[in-house]
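Note that the numbering used here has the sequence shown beginning at 3, numbered continuously upward.
These are calculated hints, taken from the structure and not from any lab test.
Label pairs and their in silico Cβ distance ranges:
1) ALA113 - ASN23: 29 to 35 Å
2) ASN52 - ARG135: 57 to 63 Å
3) ALA113 - ALA165: 18 to 24 Å
Idealized CB from N, CA, C, for every residue including glycine.
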Amino acid sequence: MSVRLTDAQRLDWLQLIRCDNVGPRTFRSLVNKFGGAGAALAALPDLLRNAKGERAIRIFARDEAEREIVAAAKAGVRYVALGEADYPTTLRAIDSPPPLIAVRGCVAALARPAVAIVGSRNASAAGLAMAERLARVLAKEGVVVVSGLVRGVDAAAHRASLASGMWSATPTPPCPRPRSSAACASRTSASAQASSRASMPATIPSSP
Numbered sequence: 003m004s005v006r007l008t009d010a011q012r013l014d015w016l017q018l019i020r021c022d023n024v025g026p027r028t029f030r031s032l033v034n035k036f037g038g039a040g041a042a043l044a045a046l047p048d049l050l051r052n053a054k055g056e057r058a059i060r061i062f063a064r065d066e067a068e069r070e071i072v073a074a075a076k077a078g079v080r081y082v083a084l085g086e087a088d089y090p091t092t093l094r095a096i097d098s099p100p101p102l103i104a105v106r107g108c109v110a111a112l113a114r115p116a117v118a119i120v121g122s123r124n125a126s127a128a129g130l131a132m133a134e135r136l137a138r139v140l141a142k143e144g145v146v147v148v149s150g151l152v153r154g155v156d157a158a159a160h161r162a163s164l165a166s167g168m169w170s171a172t173p174t175p176p177c178p179r180p181r182s183s184a185a186c187a188s189r190t191s192a193s194a195q196a197s198s199r200a201s202m203p204a205t206i207p208s209s210p
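Kindly generate the complete structure, drawing on both the sequences and the hints.
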């Protein structure tokens, strides 16, 4: 049975996971101990005062979390929490799934089988042709191609997947990309993306 966070709860989750030294396991431990992210945030000041010889947790400012959500919304990005219906089943199955992922576009792509195709930025013509061929074969089988979209093998795989009418996926917020990948990035971003960083690992899908 899936849950759905309120806007206030989603903000609590984002603020807590953004705190220094709070990763997925610590997040889960705090939420389970205090009954929710909001209660955990309220308890953190006392926990920090009593902590001895442990890694310090810097509490992420509420207004910073609010600004992040506003900026994400302007970019067409929303946050999906672990346990919500749109959270990818395969990501949920790993040992320490990220509490939140940031998603943009066709979230249905996250539920499909996916294969990563990555390689050299300065690939040979034969290497690029092989990446494109693999991506086309996978696309015809309904498999989402995942990569970083940097130039070379990654971008070639994305172009071939999109040209075949299938979703492709790339991390977001995306890392800087060369102009040669800009068109492909635009098509990918316009369709779907999902991400998480540091304590919230990144994964992203998109459709042509």
